[in-house]
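**Q** Sequence:
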Amino acid sequence: MTADASVPPPRRRFVAVGDSFTEGVGDPNPRLPNGVRGWADRVADRLAKAEPGWEYANLAVRSKRLRHIVADQLPRAVALEPTLITLYAGGNDVLDVGTDVPALMREYDDLVAALTATGARVLLFTGYDIPLVPARALFRRRNRLYNDAVHRSAERHGAEVVDFWAFDGLEERGMWSPDRLHLSKHGHRLVAAHVLDAIGVPHTLVPEPPEPSVRRTILEWERAQRRWVHDWVLPLLRRKIARVTLGDDLEPRFPEPVRVPRKGGLRRLVRDAAESPDRAR
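Taken in order, the sequence shown gives residues 1065 to 1345; the numbers are from the numbering used here.
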């Protein structure tokens, strides 16, 4: 018996929703949209390699709070009729002073309900105690409240959890970018490997080990701390005072679904588009 050529192949569409974690901040690539790559791009590449025909949209934008994701990304994600959705949202709210975490997570639960109602497979992420930030103990209780609520939402609505909280290896300095808030290339590779394992997609994406930590003198450590405060902490505080964020003028990296090439992945797609826009459509 031959397949009916008139029957279209099943749609395979991966939509990534969230903030800087999902946008790919910390994993620079100047040739890709917004100058970053990230774990979600790597997952899209491997999906297409394992099963041709996958489409990919990444709606995530750095600095966005949960309310922004609900207002801007949720309607787009639903309209795209995805078959696979990943969601990490609320992490920026947890870091904001004065956030009512229980109220935040009630809004998060409504978001999860809306995404699972599409019929797509939905993957949620727990949060993580960022190891390189001196004040992380202040946020540990909030993170635990957040993570407990993520698990409850997953159970309530039939979503799945990628337990970022439980990942091994993230204590290594090389897993984090210089700002100490976002994953490095190594960290994004680790997340991609875990996501692919969770959805049962074979891969050879073994995270590259970061460079070993260099033993520092007290003077070198103090210099590094001052440089970090100057380069990252003070600009962040100035943005908070001015009530602006790095994502204010950014658009999603892949707002409309793109067909991911089986060979070369998204980097090939972007390269082809730059060389010949008509051919890459």
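In case anyone wonders, no lab produced these hints; they're calculated from the structure. Glycine residues also receive a C-beta, built at the ideal position from the N, C-alpha and C atoms. Heads up, some of the hints might be wrong.
Listed next, with one range per pair, are the computed distances between beta-carbon atoms [as the list claims (entries may be wrong)]:
| no. | residue 1 | residue 2 | range |
| --- | --- | --- | --- |
| 1 | Asp1336 | Asp1193 | 39 to 47 angstroms |
| 2 | Asp1336 | Asp1227 | 32 to 40 angstroms |
| 3 | Arg1208 | Lys1327 | 38 to 46 angstroms |
| 4 | Ala1135 | Gly1099 | 30 to 38 angstroms |
| 5 | Ser1340 | Arg1131 | 23 to 31 angstroms |
| 6 | Asp1164 | Gly1233 | 26 to 34 angstroms |
| 7 | Ser1340 | Glu1224 | 38 to 46 angstroms |
| 8 | Asp1313 | Gly1233 | 18 to 26 angstroms |
| 9 | Pro1242 | Ala1143 | 33 to 41 angstroms |
**Q** Against each hint, give a clear statement of whether it holds in the structure.
**A** Hint check results:
no. : hint                                  : in the structure
1   : Asp1336 / Asp1193: 39 to 47 angstroms : holds (41 angstroms)
2   : Asp1336 / Asp1227: 32 to 40 angstroms : holds (37 angstroms)
3   : Arg1208 / Lys1327: 38 to 46 angstroms : holds (43 angstroms)
4   : Ala1135 / Gly1099: 30 to 38 angstroms : violated (25 angstroms)
5   : Ser1340 / Arg1131: 23 to 31 angstroms : violated (40 angstroms)
6   : Asp1164 / Gly1233: 26 to 34 angstroms : holds (33 angstroms)
7   : Ser1340 / Glu1224: 38 to 46 angstroms : holds (39 angstroms)
8   : Asp1313 / Gly1233: 18 to 26 angstroms : violated (34 angstroms)
9   : Pro1242 / Ala1143: 33 to 41 angstroms : holds (37 angstroms)
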